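Colleague: Since chain H is already given, all that's left is putting chain E on it; use the hints.
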Amino acid sequence: MTQTDLIVSVSPHIRQTVTTEAIMWTVVASLMPPLILSVHIFGFQTLIITLVSVAACVATEAISQRLLGRPIRIRDGSAVITGLLLAYVIPPGAPFWMPITGAIMSIFVTKILMGGLGFNIFNPALIGRAFLVATYPVAMTTAWLIPIRDAAIFTHMGRNVDAISAATPLYVLKHEGMAALIDKFGPLKTIYRDFFIGLQPGCIGETSALLILMGGIYLIYKHYITWHIPVSVIASIALLTWIFGGDALFTGNPVLAILSGGVMLGAFFMATDYVTSPIQKNGKLIFGFGIGALTVLIRLKGGYPEGICYAILLMNPLTPTLDQWLKPKRFSEGAK
Amino acid sequence: MAKTITQEFTKGLWAEIPPFRLVLGLCPILAVTKTVENGIGMGIAVTFVLLCSNVLVSALRKIIPSKVRIACFIIVIATFVTVVELMMQAYTYPLFLKLGIFIPLIVVNCIPLGRAEAFAYKNGMMASAADGLGLGIGYGLSLTALASLREVLGSGTFLGKAVFGDSFMPFTFMVEAPGAFVCLGLMLCVMNVLGKK
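Quick note, the sequences are listed as chains H and E, same order.
The opening position of the first sequence corresponds to residue 3 in this note's numbering, with each subsequent residue numbered one higher.
The opening position of the second sequence corresponds to residue 5 in this note's numbering, with each subsequent residue numbered one higher.
If we strip away everything but chain H, and leave its shape as in the complex, we get:
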């Protein structure tokens, strides 16, 4: 035994080699497949929107940290993720400069002013989206594109969005009903298959359940996120839609509910944000169920066809309360 083995040091004694940077860049990598699909089905301008969004987020972070005299930490990749997620919840037909204002709201107001990474109360990308919906309601709710199946990626470039816009499945379902949905997107079996693969009108990165699941399951496999939040979000949306979503009780369509809109992206990549979600496992389950319940409530009773963005934003500020409330008892703490 050598001398160095006997040196006593303060805890922690076992250190992980995993760093914030490693986690963040893995998340970035797992977010790539939906972008590739999006370029394939919606065309090249989705890549431009995404690049503008990422660049704007990174630039905002660098400039604001510089102005505030804080260390510039753009290399940790968190701004890149925010940029990607912000672009993923913008409709593919939106003007390419639109994410810039959203990025300033996301990074500067939501994150930097609250104290930087780790201190933000709300998910930055979703605040960016909520800001964009409030600011450019027309572009954010109508600039949908019909997916192209024959890989003509330049089809939508420079074209007027009004001429080619398509309603999202959730919009059709909310305002025109199931019959119109089948009329527009084919029989249910085709709908399930297409929507699962990602061939549906929707925001840039949210259409494909398959690709988001792949990325999400990889993150769970790497232990970067746990299954609790995604599973409880998706399960509660499916269950509550099945119970309340139809004309009578227990006649809603749960499969359609989780394959359309931003459920998958929200459940795996937005609700699981470390900073704005609870630490305890039971806290995560409550958090996920709250998101699911609010999503279904907004979808069925609210003014918007999709509600997961606001559902997550509404649950975010409950995170500290849930953490405090469900803090595990140490030893016999609190025993009578």
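I should point out that these hints are in silico values taken from the structure, not numbers from a laboratory.
None of the values given here were measured: they were computed from a predicted structure.
Cβ coordinates follow ideal geometry from the N, Cα and C atoms, glycine included.
Accuracy of the hints is not assured; some may be wrong.
[Claimed, not checked] Derived CB-CB ranges, DEER-like:
hint	chain 1	residue 1	chain 2	residue 2	range
1	E	Trp18	H	Tyr276	40 to 46 angstroms
2	E	Asn196	H	Tyr223	43 to 49 angstroms
3	H	Ala182	E	Ala166	38 to 44 angstroms
Modeller: This is chain E only, laid out in the frame that chain H set:
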């Protein structure tokens, strides 16, 4: 009294400018600053009320019993608010309609009451008049500044006239309630940074 009348007046314009330094009167500043016109109108109304109530409270300060002073202040302020309300109803009816409930609500605004309690009740009439005028103008300027920011960005206009070309897409967010909170927060932040130097 170390401060001169001029100092009592100028402190309201910067050192104790109500919404930013004293952080008082936030409800109207959030609610009526959608357009510059509203901001200026509200500023003038508050300045008038503040000036008159300060002078009257100061004049009556020896008579008002200290146990019921708050009630007396409220009556004085309410009197002048009613004057403003009736005047606006008579001469600037469209503005009166736009400001709506926020004109009568000046009664419960913290600034006139706060100045009556903290200043006019303890100081002479000239000093109180200067104090009221200064703070009122400071409040009006802050309202106008915030309203300018919100109207230019949120509607692309200033006093109703378009300031940008047709291609400008207004930030609708700015004229909505959350925009008011964000703008006010950012302005407070800028004022604090400027105040530190």
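Colleague: For each hint, tell me whether it holds in the structure or not.
Modeller: Hint check:
1. Trp18(E) / Tyr276(H): 40 to 46 angstroms: For Trp18(E) and Tyr276(H) the Cβ distance comes to about 43 angstroms; the hint holds.
2. Asn196(E) / Tyr223(H): 43 to 49 angstroms: Holds: the Cβ-Cβ distance is about 47 angstroms, inside 43 to 49 angstroms.
3. Ala182(H) / Ala166(E): 38 to 44 angstroms: With Cβ atoms ~41 angstroms apart, the hint holds.
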